[in-house]
Amino acid sequence: MSILPVGEQVGYPDSNNFSTACKREYKLSPKHYRQSLFLGILVHQTKVLGSEAKVY
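According to the working numbering, the residues represented by the sequence shown are 8 to 63, in order.
Simulated from the structure, these hints should not be mistaken for laboratory data. Glycine included, each C-beta is placed from N, C-alpha and C at the ideal position. Wrong hints could be hidden among the right ones.
[Claimed, not checked] So the derived label-pair ranges between C-beta atoms look like this:
(1) Leu46 with Pro20: 13 to 21 Å
(2) Tyr33 with Leu11: 16 to 24 Å
(3) Gln42 with Leu11: 13 to 21 Å
(4) Leu46 with Val13: 14 to 22 Å
(5) Leu44 with Leu11: 14 to 22 Å
(6) Pro12 with Gln42: 13 to 21 Å
Build out the structure end to end from the sequences listed, making use of the hints.
Take a look at the structure:
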């Protein structure tokens, strides 16, 4: 599935806007986020003392 239908499902009719939002939120492109899920490496972000930390 391309990112356009995914972006549309969550309110981004433009794939560039969805990609930018994904990078801002998860620090990963949609492609890399999907690959991390496929590989079973779910990336979580948490707030630690006001900074973001990745927990694998």
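Evaluation of the provided hints:
1. Leu46 with Pro20: 13 to 21 Å: 29 Å, violated
2. Tyr33 with Leu11: 16 to 24 Å: 18 Å, holds
3. Gln42 with Leu11: 13 to 21 Å: 18 Å, holds
4. Leu46 with Val13: 14 to 22 Å: The hint (14 to 22 Å, Cβ to Cβ) holds, given that Leu46 and Val13 are roughly 18 Å apart.
5. Leu44 with Leu11: 14 to 22 Å: 18 Å, holds
6. Pro12 with Gln42: 13 to 21 Å: Given range 13 to 21 Å: holds, Cβ gap about 18 Å.
Of the hints listed earlier, the one the structure fails to meet is number 1.
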